[in-house]
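Read off the chains here:
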Amino acid sequence: MQHLTKFAWGAGVVLLLVAPYLGLYPVLLMKILCFALFACAFNLLLGFTGLLSFGHAMFFGSAGYVTGYAMKAWGVTPEIGLLLGTAVAALGGLLVGALAIRRQGIYFAMITLALSQMVFFILLRAPFTGGEDGLQGVPRGWLLGSIDLSNDLAMYYFAVAVFTFGFLAIWRIVNSPFGHILKAIRENEARAVSLGYDASRFKLLAFVLSAALAGLAGALKVLVLGVETLTDAHWHTSGEVVLMTLMGGVGTLLGPVIGASAVVGIQSELADKVGSWVPIIMGVIFVICVLSFRKGIVGELASVLTPSRGREHSEPGVSPSARGSVARLK
Amino acid sequence: MVEIKECLRVRDLQAYYGESHVLHGVDFHVQRGEVVTLLGRNGSGRTTTLRSLMGLVGRRSGSIRIDGKEVIDLAPHKIARLGVGYCPEERGIFSSLSCEENLLLPPEVAPGGMSIAQVYQLFPNLQERAASQGTRLSGGEQQMLAIGRILRTGARILLLDEISEGLAPVIVQTLDRAIRALKQQGYTIVLVEQNFHFAAPLADRFYVMEHGQIVEGFEARDLESKMSMLHEFLGV
Amino acid sequence: MEVFGIPAQAWLGQILLGLMNGSFYAVLSLGLAVIFGLLNIINFNHGALYMLGAFCAWLGLNYLNIGYWWSLLLAPLVVGAFGMVLERTLLRRLYELDHIYGLLLTFGLALIIEGLFRHFFGVAGQPYPVPEALMGATDLGFMVLPTYRAWVVAASLAICLLTWFIIEKTRLGSYLRAGTENAKLVQAFGVNVPLMISLTYGAGVALAAFAGVLAAPVIQISPLMGSNIIIVVFAVVVIGGMGSILGSIMTGLGLGVIEGLTKVVYPEASATILFVIMALVLLLRPAGLFGREA
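Residue numbers (our numbering), protein chains in the order written: chain A, 1 to 330; chain B, 1 to 236; chain C, 1 to 294.
Read the hints as simulated data drawn from the structure, not as lab findings.
If the Cβ cut is set under 10 Å, some of the chain B residues that face chain C in the computed set are:
| no. | residue |
| --- | --- |
| 1 | GLY58 |
| 2 | LYS78 |
| 3 | VAL109 |
| 4 | THR153 |
Here are the simulated distance ranges between beta carbons:
| no. | chain 1 | residue 1 | chain 2 | residue 2 | range |
| --- | --- | --- | --- | --- | --- |
| 5 | A | ASN188 | C | LEU195 | 33 to 41 Å |
| 6 | B | SER61 | C | LEU172 | 32 to 40 Å |
| 7 | C | LEU12 | A | ALA190 | 49 to 57 Å |
| 8 | A | ASP198 | B | GLN185 | 53 to 61 Å |
| 9 | C | ASN65 | A | ASN188 | 54 to 62 Å |
The structure displayed is predicted, hence computed values, not measured ones.
Glycine included, C-beta positions come from ideal geometry on N, C-alpha and C.
Just need the whole structure built from these sequences, with the hints factored in.
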């Protein structure tokens, strides 16, 4: 199993590096990378910390606007632009997280949703965002002052680099002592607290990291596509990233990447053909995933390939300690 | 001639909590009007047995016949409607209801249930506390309430789980008197009890459980001769 | 007469408008609270079902010649029945799992329902006429009172009080309240709890549809009306906490009024004021104004 995993990783990296030469459209690939990073950032919160945020679009979108505006109006270099977007998202994560962490479970989700709606309204009305029309004509700029990113190939490899950075950051976080404490909090918060960990602090930090990386994804996306619209801050996008993560596999590292690829792929395939059916199809896939496909693609594959995993992996990523009262006899 | 009927017959009852196999084939029976006690250490499966009888355990197999009717696959509310009253170990008093509302909550499952007046006669304390919020009652009062409310329903088969647990001797005496009164009125009672001294004078028959199975069963008249065995099993 | 430089008529008009919007918030958050209490599920598709109620009224009028008054009765029944089917076939499978999955399922259902309506009806709003009996307005001297708005507030209050009465004062209500604490034990007493749960979900959803019919003559009926309002209702629920039925009602009404007043005093903030209040409540009293647990 170890060798298979290493081989798969290696193959994946190689594939990523040569993809443009295989005839795959680089802008689509870059879009997938952006959403993959977004989903991975989201999964850090849901899968590894056990917090469901329904408002991650606010970080994704606002970072996109900030970076887009900085590139367009101030002419900064792309790495500065990305930094600005990420910083704003991190700050937003701190503010929102501090408020939302005060409640648990479903309330937490509702609060993130409500706050993201507030951000949506602010972005709608803010003068620099261009309102309903959005931000157009965002330049990609010159990386480090010397590499022209308007060349799709150069942009592609830059995007791969940014994605890899984000992905490795998450991998590092998950496998660090900090990450282990997050998992402990996810499994049984009361026990973690009794062991002396300030659960709120850890959750907040996880939230900020997740928001920052989501922001990085959004900032990258505005560079890739050159436009930023309110759609990216709309709660439908928040829902989409949940779907990507669920479909790919909550609590796995690769799951969100696969989920994002699948969702973006399906959407771009169907967009011209059945336009207004796309949200309905997404909804149906969502329902099917929740009802009978909760482990997601990667989760199902993992359980097929390693059959004797204990019960603890049966519902990956979501806190097993919170069961509905309907099912319990106290 | 009074016809003695087998009111409850359990055969090879297996029960699971998730992956844990908790009951490994429980066999026993209870005749109408008897008081039967399930003895055993903590974790031996006594509470699970009662819960399985009530249909509250997720996975179970085997046979449970109530008055001859097979109920192994029935939902809890259907089993209750056959005239079974359940008093859980944790008592289950509802905090959002007053004492009297708790008492009045369970619906009538058979004719002939006690009236409120009769319940208050059995447990006078409850009348004084009628308007108090359910969970504000003392442990003993809550226990009386838990028993009182199933008496109102008309259930003639009572499953009582650890009713004397943690209660002051005075209350335990009240419970003892109540069980004797119910026995006289012909109720069939399955008692799960840690407190041997409470159960011993009340029971017609005893069963001992260990590791999810019945390992011993004997009549009240054989109690003396079984004391050393009980001492070994239960540390009595 | 002027207060802070704004005519009394404007104040009172906005208060009434706020009460009307608050009525919708109250009825919707009541439905959510009823469903959450027993099923522990946040019914994300509450907004979509509110929209469905309004569309039932519209479709009823335009295709089946069913008028407003009949719609007030039929739309909740139809939508309630639909809700019961959803509960039976889909939601029921998730009770043993983390609450989150229920939320996700209802979210997915909302996407499907709204997507379908958007596909068939587009996003443009459809008008619905105010019923004849409720047209016009009364001049009270200090303000003009549009009859329909007063009706909405009255009808909503009536339905909220009816719901409160059923829950707090009837036998069925005591089963519901006990079931919220310990559903299995209530079942062990002989109450058909699974049926009760289905009916409760249906009732909660019927409340949403009722609000939808009430809203039909005042709001452009569009597939988006549900998602626009549901997020506001979530904020209302977080502010009120879900500890009490009366609490949900008062919070809904109160916040509607605050929103209305903000429109007079500082219109730019009216879209975000509720979220700002939510943030404040979270800072000062995280359990919500009437919430029971922290």
